[in-house]
Structures are given as structure tokens and as C-alpha cells.
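Visitor: With the hints as extra help, turn the sequences into a complete structure.
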Amino acid sequence: MSTELDVFVGNTTVLDEDVYQLWLDGHTVSNAVRIRMEAGALQECEANAEVLHSDTMDQFRTFQMCERLLQSPSKVANQLLFQIPPHRQTMLIERYYEFDSVFAREVLGKKLSKGTKKDLDDISSKTGIALKCCRRQFDNFKHVFKVVEELKGPLVENIQRHFLLSDVLARDYAAIVFFANSRFETGKRKLQYLSFQDFAFCAGQLISYWTVGAVNNVMEDLDVDLEKEFLHDLKDLKVLVNDKDMLDQHKSLVCAQLRGKIKVFSEMEASFKNLSRALVNIASKLTHTKDFRDLFIDLVEKFIEPRRSDKWTIGDLRLFLKHYSSSVHTLEAFRHQVIWDRYMGVIKSCILKMYHD
Amino acid sequence: MPGKLKAKIVAGRHLPIMDRASDLTDAFVEVKFGNTTFKTDVYPKSLNPQWNSEWFKFEVDDEDLQDEPLQITVLDHDTYSANDAIGKVYIDIDPLLCSEAATVISGWLPIYDTIHGIRGEINVLVKVDLFNDLNRFRQSSCGVKFFCTTSIPRCYRAVMVHGFVEELVVNEDPEYQWIDRIRTPRASNEARQRLIFLMSGELQRKIGLKVLEMGGNAVVGYLQCFDLEGESGLVVRAIGTACTLEKISSTLPATATHPSNSSPSKDMKEPGFGEEAPGVPLSSGPPTPLRAQTFSSFSPSKSYSRQSSSSDTELSLTPKTGMGSGGSAGKEAGPLKALLRQQTQSALEQREYPFFPLTAFPPGFLLHVGGVVSARSVKLLDRIHNPDEPETRDAWWEEIRQEIKSHAKALGCQAVVGYSESTSICEEVCILSASGTAAILSSRFMQDGPLDTEHRLSRQPLCVFSTGSERVEGDMGSSASLGFEEVVSPGCGFCHIPYDELNIPFPAQLTYCYCCRRYKVPDVLFTTIDLPTEANVTGKGCLIQARLCRTKKKAQGEGNATVISNLLPFLEYELHTQLMNKLKLRGMNALFGLRIQISIGETMLLGLASATGVYLTALPSPGGIQIAGKTPSDITYEQHISNMQKKINDTIAKNKELYEINPPEVVEEIIGSPIPEPRQRSRLFRSQSESSDEVSELDLSHGKKDAFVLEIDDTDAVEDIHALLTDFPTPAGFYSCNTEIMPGIQNWTSAIQMFTSVRVFRLNASLTSQGLNKIFSDLCENLLKSLYFKLRSMVPCCLCHLNFTVAIPEDELIQVAVTAVAMSFDKEQLLENGKQSGEKTLIKAITENDEQLQFNLELNAETPSPNPLSSPKGLSEVGSHLSARALSVDYSSFADRCSSWIEQLKLKAHTIRRGSVKTTSSMEKASPLPEGRSRSLRSNRSYSGSSVAVVKMTPLSFIPGAKIIKYLGIINMFFIRETTSLREEGGVSGFLHTFIAEVFAMVRAHVAALGGNAVVSYSMKECVFMENPNKNQAQCLINVSGDAVIFVRESELESTSVQTQSATTHTSNGAEGT
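Top to bottom, those sequences are chains A and B. First residue of the first sequence? That's 0 in numbering that gives the first Met the number 0, and the numbers climb one at a time after it. First residue of the second sequence? That's 0 in numbering that gives the first Met the number 0, and the numbers climb one at a time after it.
The hints are simulated quantities; they were obtained by calculation from the structure and are not laboratory data. All values reported here derive from a predicted model rather than from experimental measurement. Ideal Cβ placement from N, Cα and C applies to all residues, glycine included. A couple of the hints might just be wrong.
Claimed, not checked - Some but not every residue of chain B turned toward chain A, in silico, with C-beta under 8 Å:
1) 120
2) 760
3) 761
4) 781
5) 785
6) 789
7) 947
8) 952
9) 985
10) 989
11) 993
12) 995
13) 996
Unchecked claim - No farther apart than 25 Å at their CA atoms in a straight line, the calculated lysine to any residue pairs in the SDA-like style are these:
14) 74/A with 983/B
15) 645/B with 622/B
16) 110/A with 226/A
17) 141/A with 23/B
18) 655/B with 510/B
19) 272/A with 248/A
20) 234/A with 294/A
21) 826/B with 45/A
22) 151/A with 47/B
23) 145/A with 19/B
24) 272/A with 326/A
25) 74/A with 23/B
26) 145/A with 15/B
27) 141/A with 15/B
28) 131/A with 983/B
29) 113/A with 983/B
30) 74/A with 989/B
31) 1020/B with 2/A
32) 151/A with 23/B
33) 141/A with 20/B
34) 74/A with 122/B
35) 74/A with 10/B
36) 653/B with 41/A
37) 74/A with 12/B
38) 44/B with 149/A
39) 145/A with 13/B
40) 74/A with 985/B
Guide: Now the structure itself:
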């Protein structure tokens, strides 16, 4: 005897959040049944394995049917096929778009193309995330990217409006879109220690302060493109290291502020020129696309790694950066204060975020 | 030209991509009614077209308005080739033809294609202008209201109940008509869908005409069925009860209709109780005189019942000209007179059937219930030669109805209630079945007694004590009736036998009613109706199923029919035995909502009987089940038997505890008589008119053999015992029934979940009947288990109206479909009552307590006097409250017990007060809802994205915690879905899952377009599934029906009357679904 057909349809769609998670994680039905049994589902309602299997099959099928809708979340609310209370709709959408940061870290900065999709098996075996689950996450990235690419206006808001996601999740997606769009180098070995959240934070900073949308609200294009003018102006900062007087003045100002306050004062004093040059050089190079993509690797190689080998603590670094950027205000000869602040504000917080083991 | 139909096509959305090149669609719409077609402009390159068309006007006869659906076809314009159809929408105009129903159809309706399913939605506006037509010879019946609900609809009262209406229409099935020709599946499916729409429209119109002829204005309990007879055609038939309904004006103060408010009838009883209770004259004498006394004092009503049976004979003797004889039937035959008058007013023969498809009645309508009557007949289908004169089908049903009528007569009953008809078809063999409950009805409602249906709700006893209150009520009821000779106590009256005791049509064990002690009652009662709300029930009920599977030889034509009709009686007998045993095992004594379904396949017969078992307080306690061995020589064998016996006894004890059945057993012990013999005999009645192709049955059971001794050597008995003990108990927190309501549960929350579940099993070849039986039984049990598991988040909850349908779609396949509703309830009954009506409950509770105390005081006063009946009664009361196990007539401890009872009462009173205090405080927060719910409501509101109105669906006639304020018309939809890419759609399960979800969606959308927010009395009457996995194909037909309604939450009603400011926090379709 075998069950040929087995369906259960409720007027209000019956959704089990735990089973939904198992489905999202890309488990097979039999796997999911096993996990549920281990979680003690059999204790509920005097169920047996058969009941559990039937329920799991049914739930998986329901989710599969919902998936088409979830791919364009705005349809979920005004479709007629499934009667789902609004708070459950939100749950379904939010969970569908949630992703593993380990996975996102792998994909970050890569072109969201078919080629990358082929590499998903490798990512799957590397991260231990089921291939099916990787595919969903990748497709979500691609889908969100494709939709917002053509939209004007603030990125995070666009994502929220079109995908009805929570603020936190929308911001993460904004970071992914930003990285995919700017194609930052993130895969180098030296950058491996950085997590997705580190990058997402940096992306947030860049989006907030360096992009077109950050300064004026004229929504013309995808506001994830950095403001060209600003990048061009960054070249003017070179004067800080090229002008000997200004460099010395800057150094003495910083030293005066930090004397006795940081442990690595002598090293700092000795290498101030290098420190300053590293930061200013990164700024002046950003106009070139190639160098721009290397922003993070440059930050790590030219600034973070040397400080780490000098055993700077995070506190020392914070103090240094604070005074390094603020003391420029007192340099009377320096006329690019606005650009400087806009640059250093972002760089400072990025460095601090990235400064860990 | 009495009608103008107007339609406007507004817009479309979510259309499918029809042009691969542009990923867009050039959509336009054809609007067709009858032979007239209009077209909209093409809206190019859009998946969300905005047609905003003019009003398309159709000037048509109202006859056509009733028969034809409005057909809307959405197409993709193609310059070079034929336009591609995207899908269709059929709109039933009927709800617009009745002034009291909907006035406009407006909203988003799914565009449906039989191959692709739902493909986007279309926004339409439909209106009808009707002109008055006073033509006496008209063929239309516009304005007659139809209700699927099998009781008087909630916001109406019945001015008059006219009687039974039935009709059938036949046609050739296009599927079979075209089978040899080239056809596309889409064309064939659409032709069938349209034909069935037309046929059901025509059928409804014809039934409406009959109703108008009878002078009625509505059909209640409208049940329409399809018989897909295959080559011989398509039959659409319907039955219903013609009534004259009157809308209850909505200006009634909300408080008067509130359920937890005490009803007038209850108020009437309370003083009655107070006056009569001290007397309790029945209890003063020794046992035997007591019996005599009751006998004599109630002779008037005995003669009444005799007269009723005699007049019933008249009815049958003079079927066509009964008018005159009905008039001479004497004074007491009032009800019959009315009935006769109604029935004989028309000369048409169909009207003579005193049948009522209703299952629930206004209080006082149902006087006595005789038992289940049923008839089956096996027929060979032949081609219907002249569809306009479907004489053979009519004649077949006529035969069966006549038989039912004669069975009812044999039971001394003049009417059949809870009547239904069904068929099962396999190849050219067809079983026609009809069943109902023989009953005697009150005259009041046949004439002009206005029935206020609100009583139904309000009469539910306020359950202060979980088990005790029913008992108290019963006593009150009986004592009240002492005052009014004519009034039979509502709590037990319907159990009293309607037939003549000296002339019982079958062997039955009669005892005096355990409530009133004056009338005779049977030991077991089977009915097809819902449990009357006024019935005195001990404990809770549960779903009881008998399942049976029998193999049969393959045969053709007449031979096949003979084989089947020979098997039928055995099948019914065994089903009945199973039911009886399972009932005993649960310690219950009555079945309600009994539905026996027999399905035929090529090599087997399936029987499934479902009912809700309850313990009627008026009926004697059921005896146990005895197991006996034939060869008592072996010791181990004896041991085996005693083990089994023990198991059974344990199960009975466990079940009694589970269902809270603790009847006051002491009563019998004291009185000594009438005690039912420990081994009860049950009844057998076999119709004498049994013919070779016709099997009839009244109340089957073991004849001379003692019913409840199961002999273990008997292989059947082993099977029975096996079946008995393999039924799994419902998991904690769940109750189940196949009736509308569950006795003992009143405090429903608003969380309801209607669902449909379908399973198909493939059997291995060469199974024995016994093996099949087990498989079938396990199948049903597992399905139930799955349902419980699925709905576990709703606990505590009750699965109501569990409606199983079995079919044998193919050899070796068994299909089981279930539609039911899960309803949550609050465990804290008192709290809920408080919640609902604030201070009112407080007052109510206090008065209730005063009563109880009063009763108690009386008991105390009586204690010194040796009153053998009333004191043990009281004692048993006490016993059930204190859950004292061993009850004895220990007078010394009696006073103590009484005082402890007072303590108990005070305690309860305290909790009641506390409960209501709680609610008052919550009402101060300007929200009559419990906090959790109001919070969830508010949070729902914050998601403004949803533009789809929530539509509730339920197979019940009501929505808990809500009041139906308007019926918008009947929903009767038929869909076919076919696929040629079964695997791609997720196999058979994926295919059917999608289809059922689509059907739900279409029902909801049509209800919403009518302006409704719920469907009540929803049922899936047909679900025919066929597959051909080798060809990657499957097809399914689904027919659903129900009543579209508008409901408002009771909390809202209250808030508008009590606290206006809180009214704004709720809306009628507040989305608190689960």
C-alpha cells in the first residue's frame, strides 16, 4: 500500500516557521523529517513518523508554491491564491531574503553572473551551506541587484520598498548591491580575516558619505555610484604630504595632542610621515577604477597591517585617527577642509572597523 | 424583457506574459451573456491593463438571468494568428436578482484557465436592473432566496415551513459527446463547466418556481449534487426545504440577541423550577407506583402520539387527495393538519414528501425523534433518451422517497428530518441512497409560529458547572413542563419514542426517560440531524466512525448490480455493528449527524459511517461489551479472553473520563426500576419490501443474538474487537465531531481554520477483505492524526463538521477527502463569559448562584424526610461536582456533602465574580477584547500593504463570536482543471494542492466581490480526481457551495452599543486568522 496523493489546504494557509527554516536551509524532505524528529516533534500531538513526513511534504510543497510570489514580494500582499495574515507574510518575505553572512562574504564583490553561479558548488562545500540554499541566496542577490540597478533614489529605501524587508536586512542588501556594483576586491588572502559585517559596515559608510545620493537629493541614477567630483577633489589632499611645512605642522599638532596618551607614541612620531602618506595616497588614487577597487586591500596593506605589526591597540589607533583628522582644521594653509572631513570620516570608521584579527 | 444586465470591465493585474518577445501582453476582454458578446479595446503591452470600459448592457429575460452565467474571457490580441485565450471568469448573476441579497458585484476576480489555473485577476463591476413582471405564467423565479445552511438562517425567522422541494435536470456530458472527435482539453473542459453552470441555474430556477407555487419565498438547506454518469449523461439534482422567511429587523437592541444573555425561555423555566422542585411528586412513591403514576398522568399526550401515527396513515392512504381527510384528523393532529394542508395544496406528487433536509431546528420544532430511516437502491444506468423528460431518474428517486416515507410511518413519525440523498456510480452501476431521521414536528412552525432563530444561540446553557448544569437544567425543564401539559420538556422531549409502545416496529429496550421519568425512551438513539441545542447532554461528544471494505468479484451489467445489491445488506449490518460497538466503547448512547456512505468500485465496496456520539442524559447508560469464547476448555484461552475483556473495560473507563461522562448512576440503584438489563438488546428492523435490487434499512443491529457479546471464535468478532481497540484517542486538547457544534463547548474564540485534505492510496493487489478493512481503517485514522498534528497550534480546539467522503476512482485506489473546520475555544469558560458581556454576566452569575443556593436549601430542607428520589438526585449532583467516585446513600454524610457543596458553589460564585471583575477592568481600557488579541489586531493594521479582504470560510452555519447580518446569496461553483505536465506541476499532490488552493481563492474572491466577508455552510460536494501518470496527465473536477454572508464581530456590536469609542478599533474583516 502506498500513498499516491496527500494534500492539506487550509483557507488560511498553514505555515510552520520551523519547517520553513528547514526548507530555506535547503534540506530534503527526509532530512527535514529527521531533524524534526530529533527536535522532538513526535512528542507533540502523539504524532508518528508517517504523520511527520506527510506534514513536512505538505509544508515544503506549500513553500514551493509560495516561492514564485516571494520573488516579487509586493505581489504577496495582493495575490488571491494564499490567504496569509499580514504578519505571516512579513515573516515569509523576511526569512526568504535572509542570508548567511558566510555565504555573502564569499560572493561579495563578485560579479553576480552565471559564471559565479557555477562556482556555488565550491562555496557550498567550503561553507557547509546546502547548494540549494546557496542558489536561493545567490538568486536573491542577483534579483535585488537587477531590480534596484534601474531605480533612482536612495538605495536602502528602494530595496525596502520593493522587497518589503526590514531596515537591517535592506541595509545588508544595499551593501551587497554596492559591492557588486563597485566590484571591490575582497577575495585576496589578506582580506580573508574580514567578515561580511565588516564590509557591510564599510559599504554603509561609503554609501552614506561618498555617493551621489549622499550630497544632493537629485535622483538621477543609481546612487551607489561614488561622486566623481568628490573623488577628483581628493587629489588636492596630496598637499598634506607634499608640502613639507604643512606636514611638519600637522605632525607637531598631532604629537602635541597625543604625547603621553598613547603607548606607541614614539613609533608614531617616528613614522608620522609614512602614516600620513599612506592615508593621503589612498585618497589621491581613488579616481582610477583599478585603485578604487583596491580600496580595502590598500587600507589593509598600507595602513592596518603595519600598525598591527607595531602592536598598536585599537584605542591608540582611535586616538591617533581622531587627532590626525581634527588637527588638520588648524592648518591655516590647508583649504580643503570639507573634502578632508568627508574623506577622513569614512576612512576612520572603516579602519577602526577593520582593525581586528 | 424584464431585466437589464450591466457589466463594466475596469482593469486587470498580474496577467501572464503572452508575448515572449516583449515579455508583455496585449490583452482585451470579451463579455458574453447568452448569445450577446461585447469586446473591450485592446490594452497594448501591459501585464496590468486598465480598460476602464463603458457599461456593456444586456437586455434579457429574467429566465435567462437565472440560468446563464456572465462569461468574461480575457484574451491576448495577436495581429497575425488567432487570439490566445488567457482565461475565463464565470459570474453567477443570481445573488443580484434578490432584493435582499447583494446589489452589485465589484472586485478582483481570478482569471481561470482549465489548463493553467489562475492567471491574473480582473476587476469588474456587474449590476442588474430588474423590472417587475407579474405574469402568472412566467418561467422565472427571481427573488426566491437560496440557502445552503441546513437551519433557519441566522438573521431570518421562519414564518412558515412549506415542505420538501426537489428537482433534477439531465443532459449529455460534452466530455463523452465529443470523445470520438478531435477536441482540445480546454474546449471540452470549458464546455462542461459552462453546461453545469447552466444546468444548476436552470435547476435553481425550477426549484424556485415550485417554492413560489407553494407560497414560499426561500429554500433552506439547498443541496445540489451532480451525478457524472459517464456515457449516459450528466444529472444535476437538488433538494431543499421551502419556507417563508422574514428578515429580523436589525433595530433589535444588541443586548436582546446576545448569546450569553439569558433567553426568555430560560427565564421562564427558572421560576418554574423554583415552584415545582419542592414538590417533585414523582419521587414520593415507591418505584412501581411511580411508574403507574407517570403513566396515567400523561395519558393525554400518549393519545396524542397515537393520533399522530393514525393520521399519518391517512396521509399515506390518500396521497393525492389528502386535503379533506387531513381536516378530519382531530384536534391533536394539528401539526399534521398543517403539514397536510401544505403538502396537499399542490397536486404534484413530489410535494407529498414530508421531508426536511434541515438538520437544526428552532427550539420546540422537533417534538420526537424515531430513529434513522434509510433506503438504497442499485440501478443500472441507461442512456437518457430525452433530456427534457428525465422520467427514469425521477422515478428512481420517487421509489426511494416512498420507501423512506413508509419507514418513517412505521416508526410512528409523520416527517423525516435531516434528509439527504446521494449516489455512487461505477461504470454503469449506480447506488442511489437516501437517509434521514423519522420525527414528529410541532405544529406551531408549520402554521405561522414565528421562529426566532436567535434562540438557537441564546439557548445554549451558560455553563457554570462543567458537568452539573445540564442535569440541573434537565430537572428544571421537566418540572416546568408539569405546569404546561402540552409543552414537552425541551431537554429530553425529542428522545421520547414517537411510536406506540405496544406496537414497536423492532425489538427495543424501552425505559422511562431519565430526565422527566414520564415518557419512554429507547436505549440507543441514532439520528442524522444535529444535536438539538436544548438537549441535555452529559459530558462531551466525539466523532465515531465505522469503516468497512469488502472485496467483490468483477462483473458486468446486471450481474454486477446483483452482486452489489446482495452485498449491501451485509455491509450495512456490519457498519451498524461497528458503530454500536464503538459507541458502547465510548460509554455513549446516541449518535447525531449519522452519515453512511457506500462507494462502489470494480472489485470492492467501501462503507464509511460517520457520526458524533454523545451521552444523552435522558437515555439509559449503555451497558459494557462482553467477550465470550466458545471453547472454554483451555486456560490460556480463557486468560486471553479475560485480558481482552479487561482491555475493553479499561478503554470504556478511560473514554468516560476523557469525555467527562459521569452520569448519575445512583438514581437507578435507588429506584430499583426501571433499570435496563445489563445486556441490552438493540433493535432490528428490516423492511419487508426488500427486493432483489433494493435494500432498505431502518435501524440495523443484531437481531436475536445478544448484541454486545462478542464471541471471539467468530472471525468477524475478532475483527470487530480489533477495530474497536485500534481507534486512537484524540490527542489532548482536541475534540472532534461531524455535527455543527460540540456539546459542552460554548466559548469559541474567533480563530477558525477551514481546511480540505485529500488522500489517495494505492492498494496492493490480492488483499483479503480483512486486510483491506485494516488498511482502510488505518487510512482514516492516519488522516485524522495528520489533521490533529497540522492544527496543533490551535489547541484547545475542536474539529467540527468533519465530513469524510470516500471514493474508488480506479481499481486499487481509495480516495478520502475531508473538509472540516478547526475552531479554538477558551478553556476558561467563566472568563470568556465575562469577557463577552461584562457586568451583565456579573448579574447573571449572581442570579444563577442564587438559584443554585435556593435549590440547595431546598435539598437541605428535604434531607430529613425520606425522599428516595430527590435526595439521591441531589447527591449525585454533589457527587459529580466533588468528583466523588463511590456514591452511596449514606444519609449521615449527606448533610456534610451538602454543606461542602455549598462551599463549592460559593467558590464558583467567587470565581465568576472575579472573572467579571477582570473584564470590567479590561473594558476600562476601552477594549472588550483580551489584550493579546487586540494587540495582534493593532499590529496587523500596521501592515498597510494588504489590499485583499480576508474572507472566512466554514462548513458551519455560523461564525463563532460573530453575528451574520446579511446573506448575500448562494455560492455554487464548478471547476475543472487538467494538466498535461503533471511532473512539472509537482506530481499529483502538487497539482491537486494548487487546484484546491485556487478553488478556495475563487470562492473568496467571488464572496468579496459580492461585498461579503465569509462563506458559511461551505461544502465540497464533488472532488473527482483522475490521473494518468504514464501520459503525464491528470484531471480534477471540484464542485463547492456555500452561503456568502456579511458578519460583524459581536465585540463590535457590543462596543457600538456599550462603548462607542472602542468600535473604531475593529473592522468587520479584522485579520486575526491563524
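Visitor: Each hint should be assessed against the structure and marked as holding or not.
Guide: Hint-by-hint comparison with the structure:
no.	hint	result
1	120	holds (6 Å)
2	760	holds (6 Å)
3	761	holds (5 Å)
4	781	holds (6 Å)
5	785	holds (5 Å)
6	789	holds (6 Å)
7	947	holds (6 Å)
8	952	holds (4 Å)
9	985	holds (6 Å)
10	989	holds (6 Å)
11	993	holds (6 Å)
12	995	holds (4 Å)
13	996	holds (5 Å)
14	74/A with 983/B	holds (23 Å)
15	645/B with 622/B	holds (15 Å)
16	110/A with 226/A	holds (22 Å)
17	141/A with 23/B	holds (22 Å)
18	655/B with 510/B	holds (22 Å)
19	272/A with 248/A	holds (11 Å)
20	234/A with 294/A	holds (15 Å)
21	826/B with 45/A	holds (21 Å)
22	151/A with 47/B	holds (22 Å)
23	145/A with 19/B	holds (20 Å)
24	272/A with 326/A	holds (15 Å)
25	74/A with 23/B	holds (17 Å)
26	145/A with 15/B	holds (21 Å)
27	141/A with 15/B	holds (23 Å)
28	131/A with 983/B	holds (18 Å)
29	113/A with 983/B	holds (24 Å)
30	74/A with 989/B	holds (21 Å)
31	1020/B with 2/A	holds (23 Å)
32	151/A with 23/B	holds (23 Å)
33	141/A with 20/B	holds (22 Å)
34	74/A with 122/B	holds (16 Å)
35	74/A with 10/B	holds (16 Å)
36	653/B with 41/A	holds (23 Å)
37	74/A with 12/B	holds (10 Å)
38	44/B with 149/A	holds (20 Å)
39	145/A with 13/B	holds (20 Å)
40	74/A with 985/B	holds (22 Å)
Every hint, counting from the list given before, is met by this structure.
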